[in-house]
Amino acid sequence: MPRVVIDAEICKGCVLCVEFCPRDALEMSDATNSRGHHPAVLRDDEKCTGCAVCALVCPGVCIEVYR
Amino acid sequence: MPRVVIDAEICKGCVLCVEFCPRDALEMSDATNSRGHHPAVLRDDEKCTGCAVCALVCPGVCIEVYR
Amino acid sequence: MSETADTRKSVFISGNEATAEGGIAGGCRHFFGYPITPQNEIPEYMSEHLPEIGGVYLQAESEVAAINMVYGAAAAGARVMTTSSSPGIALMQEGLSYMLGSELPAVFVNMVRGGPGLGNIAAAQSDYWLATRGAGHGDGRCITLTPYSVQELHDFTAGAFEIADRYQNIVMVLADAILATMMEPCELIPRRDLPLPDRPYAVGPHDRSERERNIINSLWIDFDVMEAVNLRIEERYTRAGEEITDWEEFGSDDPQIMLCAYGISARICESVVMRADEAGVRLRLIRPRTVFPFPTEPIRRWAERVDATLVVELSMGQFVEDVRLAVEGSCPVELLARSGGNMPTPGDVLQKVREVARHVGVAAK
Amino acid sequence: MSETADTRKSVFISGNEATAEGGIAGGCRHFFGYPITPQNEIPEYMSEHLPEIGGVYLQAESEVAAINMVYGAAAAGARVMTTSSSPGIALMQEGLSYMLGSELPAVFVNMVRGGPGLGNIAAAQSDYWLATRGAGHGDGRCITLTPYSVQELHDFTAGAFEIADRYQNIVMVLADAILATMMEPCELIPRRDLPLPDRPYAVGPHDRSERERNIINSLWIDFDVMEAVNLRIEERYTRAGEEITDWEEFGSDDPQIMLCAYGISARICESVVMRADEAGVRLRLIRPRTVFPFPTEPIRRWAERVDATLVVELSMGQFVEDVRLAVEGSCPVELLARSGGNMPTPGDVLQKVREVARHVGVAAK
Amino acid sequence: MREELFMAGIGGQGVNLAGQFIGRAGMDAGLNVSWVPIYSPEVRGGSSTCTIVLTDRRVASPTSEHPTSMVLMDPTAARRFAANLTTGGLLVINSSLIEETPKVDDCRLLKVPANDIAAEIGNDRTVNMALIGAWAAGTEVLTAEDVARSLREMLPERHHVHMPDNERALERGAEIARETR
Amino acid sequence: MREELFMAGIGGQGVNLAGQFIGRAGMDAGLNVSWVPIYSPEVRGGSSTCTIVLTDRRVASPTSEHPTSMVLMDPTAARRFAANLTTGGLLVINSSLIEETPKVDDCRLLKVPANDIAAEIGNDRTVNMALIGAWAAGTEVLTAEDVARSLREMLPERHHVHMPDNERALERGAEIARETR
Amino acid sequence: MAEEKLINRYPDALTDVEMRYCPGCTHGTAHRLVAEVIDELGVRDRTVTIATVGCSVFAYEYFDTDAVQAAHGRGPAVATGIKRVHPDSVVFTYQGDGDLASIGMGEIVHAAARGENFTVIFINNAVFGMTQGQMAPTTLMGQKTTTSPRGRTAEEAGWPIRVCELLDTLEGPAFIAREALSTPQRIRSAKRSIKRAFETQLAGRGFSLVELLSSCWTWWDMEPVEAIYHIENTMTEHFPLRIFRDCLTGQSEEVDSNA
Amino acid sequence: MAEEKLINRYPDALTDVEMRYCPGCTHGTAHRLVAEVIDELGVRDRTVTIATVGCSVFAYEYFDTDAVQAAHGRGPAVATGIKRVHPDSVVFTYQGDGDLASIGMGEIVHAAARGENFTVIFINNAVFGMTQGQMAPTTLMGQKTTTSPRGRTAEEAGWPIRVCELLDTLEGPAFIAREALSTPQRIRSAKRSIKRAFETQLAGRGFSLVELLSSCWTWWDMEPVEAIYHIENTMTEHFPLRIFRDCLTGQSEEVDSNA
Ligand SMILES: Cc1ncc(C[n+]2csc(CCOP(=O)(O)OP(=O)(O)O)c2C)c(N)n1
Ligand SMILES: Cc1ncc(C[n+]2csc(CCOP(=O)(O)OP(=O)(O)O)c2C)c(N)n1
Ligand code: SF4
Ligand code: SF4
Ligand code: SF4
Ligand code: SF4
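Quick note, the sequences are listed as chains W, L, Z, G, H, R, P and B, same order. Residue 37 in the working numbering sits at position 37 of the first sequence; the count goes up by one each step and never skips. Count along the second sequence starting at 1, add 67, and that's the number in the working numbering. Count along the third sequence starting at 1, add 134, and that's the number in the working numbering. Count along the fourth sequence starting at 1, add 499, and that's the number in the working numbering. Count along the fifth sequence starting at 1, add 864, and that's the number in the working numbering. Count along the sixth sequence starting at 1, add 1045, and that's the number in the working numbering. Count along the seventh sequence starting at 1, add 1226, and that's the number in the working numbering. Count along the eighth sequence starting at 1, add 1485, and that's the number in the working numbering.
Accuracy of the hints is not assured; some may be wrong.
[Unchecked claim] Here are the in silico distance ranges between beta carbons for each label pair:
| hint | chain 1 | residue 1 | chain 2 | residue 2 | range |
| --- | --- | --- | --- | --- | --- |
| 1 | H | P1020 | W | V5 | 40 to 48 angstroms |
| 2 | W | A31 | H | P1020 | 52 to 60 angstroms |
| 3 | H | R921 | G | E748 | 50 to 58 angstroms |
| 4 | B | A1688 | R | P1201 | 55 to 63 angstroms |
| 5 | H | H1023 | P | M1367 | 52 to 60 angstroms |
| 6 | G | I552 | B | E1525 | 51 to 59 angstroms |
| 7 | R | L1062 | G | R799 | 44 to 52 angstroms |
| 8 | Z | L328 | B | E1525 | 34 to 42 angstroms |
| 9 | P | T1460 | B | D1497 | 49 to 57 angstroms |
| 10 | G | E742 | Z | R439 | 53 to 61 angstroms |
| 11 | P | E1244 | H | D920 | 28 to 36 angstroms |
| 12 | G | E711 | P | M1367 | 44 to 52 angstroms |
| 13 | Z | L328 | G | P550 | 46 to 54 angstroms |
Calculated from the structure, these hints are not laboratory results. In this text, a Cβ means the ideal position worked out from N, Cα and C, and glycines have one as well.
Based on the provided sequences and hints, a complete structural model is requested.
Quick look at the structure:
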């Protein structure tokens, strides 16, 4: 099953991945990382197809996609 | 009758007026002016139509044409 | 955050904004500049305010263009200024030289940052030579004012236009990143419509029956004419030395050690003078408010009475040369130099005072 | 008109050509420059010769571009130079500062002309501060060599590359329009393929297993790091002061008046020393061949033995400050300053020598 | 009298603005004042610090080696700066974020749970207010009212809707200071 | 021994080149020499002057206040410069163009009809040669042959066809000098 | 279950230094794309990055290559110097619109005219980001910036410059393209052009430049996502996306956003 | 006999200082045309001439108007400063190709992009005349100059820049034309464009520029007349004559050489 790993410490919470995920599989977490940002997280394992669009648009270079 | 007055002291002898005179009415003088240039002179009064092409091409701004 | 009013009024304002408003109060209606930290608030302030009062703000494509626009505007008779920080001022050197050669007045502000190169955006005083010895090639120099507070930034900038006009020369206001960004109370000089001084040399539409054509130029093929320009400029500098040399003194009337510092360093030294008893040494601070012309005479006078002089500067030894030239061997001159954004604390200076005292045999705690 | 040969050989050659050939002899294989009178023969010579020996001549679009090309080439490890005259050098000030901040070696030549502004194309020495105090913003300075003959132009330019490498600093060869255009006999240093010194800092294709990546940079946000750069640079200057300070002395061993002059002025003063008996005053000329580092020590030494010092310069009083800083009050220092292309004749200087002698009570004819 | 207040936090916590309010309040109270920021190069994030001097003599040096009081708003600031406090100085920390109270001998410590207070008030922007309220009451150089007044003067009209929240936060901070005494 | 030769004329007369030949010849003769031009800003036309120093000591100043000899090639140069000649110096003038001989007391005057000589030889470019031939024979610092030799060295191969003309002009000038003595 | 595979390796050509851009700033995206291209072409150890002055000034910390930090606007001159010393190096400048199109106009035009064989990554975000959002030569008409507080007007400040079109009048450039860092498709297209540009350089064909329409939401006063749509919907109107010149294919074509 | 009339009055806008150009140098022709236009428009006393650095540096002595001598390449910045102070003045810069297209590229592009309301007379003679004939950005391929002694090659120095085409990509310019100072017809056409450019300025329409292909026979190593034919036959090949833009007519057209 495809898997998305978001580095929550590096993520700056810009929301771009959430916006552009074609399957609406991501969301912003309520938690704050040590820099004060709310990182993105995978909302729904099922939806993710591992298309890596999130990684493509992520300016933080903090998403790894496994398939 | 048309008349061309060339200021022989200012003329730098570049030959442009002679070259472009449509009636071949000008020529370069053998005399030297005080700067060491051979000035242009009217060769042939008869030929000049007062078209002022000589003045148009003269970079020295030293030709007056009367008509 | 500025407030404009008919009467002088204290506002709590940053050095950058006080400088911009000082320019306006001094009659500046034309500003050409290129952004650079730590003085961005000045062009921003000008872009906001100048158009409102019929002035012109234009963002130049570079500092090189900016100085040449200033040159054009000054040639056209305007009261004009630009502001920048170290690398930007370095880029203006050719243009400054043209303005000096053409004997045009204008006001420049340099909010010095750490260098060389891109350096950093912290406070430094390492453009001292660039200001006092610079102005590009040739013998021209910038009349250089060294404010040490937000109030002085405002006042000196406003006053600089008069000086520039009087000597038909560039006036450089030399400050630093801290003065630029700090906030302090400042009494603002009210804005008013200042009549432009007569500028018989300026170019622009005119009536030939009233004056001959004007030419602004710095090209003089004839050696004697060129030399005459230099002598005329030199003569103005001599006159400026007599008329506008400015400094402040603070501390003991019977000092053992003279402190010399300008700008932000002088504020540290003020603190030191206020704590002089901690070192048990009598101190007097001489703080130049102009560094070109330089207050040679008071420094020389005190140098003959003290046991030593300590210079504090945020550069590796630039200002100290002018002090040495003034002291001319009358007493030892030592230097406390920091750079790169680092500043000595008053404690550091006191420490150095003790050291100097030891070197010259003054009894210190 | 140059002749290249395996052995040193005297040729009759202009200062500009000798400078260009000096660069080549010093190992320069990359030249970036922008034409400006009175040194056009240098880029012309380079455009003719460098491609023939596998080097690169590139005419930059401006002096600003030229200095930044030099910066790039120096970052890439090349022996590189550029040459210009006053306004062009003024335009390079920001770039010079970057090079100093990045601690890159390169050689610059300034054939000084009259200023300020467009000025004229005659000989002047009014870029003394630009050379010794300039290099843009920040505390960096150019090591400055002052040749006084075509031979020295050649030799100093050739030698400048070694010095630049040794101190990882810019070396400026400071001359003037006369030295640039005059012809004299000159022994040319033979061209050879000089091995480049090791440049572990240089960027370019590499093998990561052999070295880490290299970064050329002058941006140091951290105050301490930035200050460390300045201290490192300062330390090199101190070392240069000990190692390469250079000057020549000429004249009486028991002088009454010391003459100080460099470059073309020093040649006039040589004539004066040769005619010293006309004035009936014993003269000694101290002629710095480096002005940064400055020969403070010999000047100071003689200052303590003479009755007065006379400085001759083709500027309004720049070089004289360094002399004053060296003399530090040990004897009166007077100045003969000409500018704008004008030069004092030996007769003028002799006249001034008499005047100085009178001021200080030396019996002169 | 010379108070040297040092404030530090991370971008977005309003460190500089709070410092400016204090500076302005000091000026209005007839003191000589200065406010000096030190920015870090990043546009956003990074640490943010400023120094305010309030004195009845010359301000002279506007920076401070050993501040007489400090307001520290995040753990990094607490770790980096607390030790610089002058002996016997006032240390105000944002205890909502700073879990590990910095060890500073011989100081007056005020722990202000500023984020919690702001949350209570329901206005994220008041974190800095609670802290400077505590500072004001702690030093007694200015009153919380002085600060509130300068706030009103300096804030653009459109932000005045936040004044009640700001005042409540200031007051809560001041209360904590008074309680701690 | 120190000879300071000043030469002046208008652009195109070959003033500078002639000066360089003398300089080079001096060098080859084992003297210390220098050649200094002063250009006027115009690309063409305008006056052209240079100073050559030939000496067995240091050259030192390469310019001259009162030259020991002068070669003046046109009326303007004659008017402007002749008076600077040192007392007893050698004055060589191009009498083809300079109608009014400059009044210089106590000098050795050589009138060389250089343009006429060049016209005789049939080579316009030899005007300068006749003059420096006269100068050489007049001063005896160098011989006309010295100058001819330096010419051969300095001129590019393709100009060597002119050498006979040049040598004739040099010799004619020298003759006039010898006759005048 | 098949073995799990990482499909987007963190580029070798990026260091692990965390980039200090604002959240959502497309400088980060641009860095990643360039680094991926360097990886794919296998040229990391002959690459020299020219960091210029702007928010990307620290590019020398982010790209794991040799690097030179150039003065504001002078990247192309510095690149020229390096490339003339090491023709076998792979050199790219990374320049903002302030850097390239304002102060650096002379240098970029001349490097392009000379056909210098290096690559320019040109980040057009229509403002000066680093110095707090002043007007740039690419600022759109009417756009508010900190130095055009009432919006850019032609009277005060003229019209925005289209750099690709300007350089396309020269004979020196071998590859010129304008792309946008907006939607996923655009980002893919941008990467293709970046690769093409580096390939042009590797083929020794001369100057190559890729303009990337980018976001600076911080100074545009927008949310990061909103800014992406601003690029897509507003910026592309004034700055049409296009491959202006490709010496390798001889083509000039509109960028196909759905490719 | 009818009364004799002088049909080509010496322009009022020229002083009687003799111009120090080489014999046959078309700088003189350009000066005369500009002066005639100033006369015809009756604007001499509000005109400010910006002399730049090149053989025409003494333009301030030749034009009988107010004048400012600008640093090399910076004429457009200086003109901007003046025009922003005196919008009612008539300002023109007179710039060579070294001045305008080499060191001054940044300033000309930006003045044009801003649509600054002044006129540029751009003398393109394909070399740096004043400094003794070095290569210019407009030097033709293969052309020998003192710094391209073996002829200009693309490898060493790239390709010549076409300034009009470059500026024609901007929105700021209101009038752009390239003319040639070669044959009498061309000179007449050049004058029409110069007049048009000044009229554009007088109408407040913004930036206007006339490029004049000119001779520098001295450094081309030709006779003056030969150089004129070189302009006509060779230069115009690389630099096509054209009115690129005329805001007053809305037209863009080839220059009709027989008009
Ligand atoms: C000579 C000089 N002038 C000005 C500056 C200040 N400065 C730094 S970055 C910058 C503009 C950056 O804008 P841009 O190139 O668009 O990059 P961005 O920050 O938007 O990515 C300026 C003007 C400088 N560092 N050096
Ligand atoms: C800053 C600076 N750099 C270089 C020069 C030298 N310089 C004077 S004129 C010129 C080029 C002139 O060429 P162009 O503009 O084409 O005019 P032309 O002489 O051909 O008419 C140069 C490089 C200078 N005066 N100032
Ligand atoms: S795009 Fe990247 S930085 Fe932005 S929220 Fe998603 S993971 Fe975080
Ligand atoms: S065109 Fe003019 S300068 Fe040339 S020869 Fe004819 S009159 Fe003389
Ligand atoms: S200021 Fe703009 S360009 Fe700079 S990092 Fe932030 S969003 Fe990016
Ligand atoms: S050098 Fe060329 S441009 Fe200059 S005046 Fe002579 S012909 Fe004209």
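Here's how the hints hold up against the structure:
1. P1020(H) x V5(W): 40 to 48 angstroms: 44 angstroms, holds
2. A31(W) x P1020(H): 52 to 60 angstroms: The hinted range 52 to 60 angstroms is violated for A31(W) and P1020(H), with Cβ atoms some 34 angstroms apart.
3. R921(H) x E748(G): 50 to 58 angstroms: Check passed, 56 angstroms falls within 50 to 58 angstroms.
4. A1688(B) x P1201(R): 55 to 63 angstroms: Taking Cβ atoms as reference, A1688(B) and P1201(R) lie about 57 angstroms apart, which means the hint holds.
5. H1023(H) x M1367(P): 52 to 60 angstroms: 31 angstroms, violated
6. I552(G) x E1525(B): 51 to 59 angstroms: 57 angstroms, holds
7. L1062(R) x R799(G): 44 to 52 angstroms: Since the Cβ atoms of L1062(R) and R799(G) sit about 47 angstroms apart, the hinted range of 44 to 52 angstroms holds.
8. L328(Z) x E1525(B): 34 to 42 angstroms: At roughly 39 angstroms between Cβ atoms, E1525(B) and L328(Z) fall inside 34 to 42 angstroms, so the hint holds.
9. T1460(P) x D1497(B): 49 to 57 angstroms: 52 angstroms, holds
10. E742(G) x R439(Z): 53 to 61 angstroms: At 39 angstroms between Cβs, range violated.
11. E1244(P) x D920(H): 28 to 36 angstroms: 46 angstroms, violated
12. E711(G) x M1367(P): 44 to 52 angstroms: 48 angstroms, holds
13. L328(Z) x P550(G): 46 to 54 angstroms: At roughly 60 angstroms between Cβ atoms, P550(G) and L328(Z) fall outside 46 to 54 angstroms, so the hint is violated.
Checked against the numbered hints given earlier, the structure breaks hints 2, 5, 10, 11 and 13 and satisfies all the rest.
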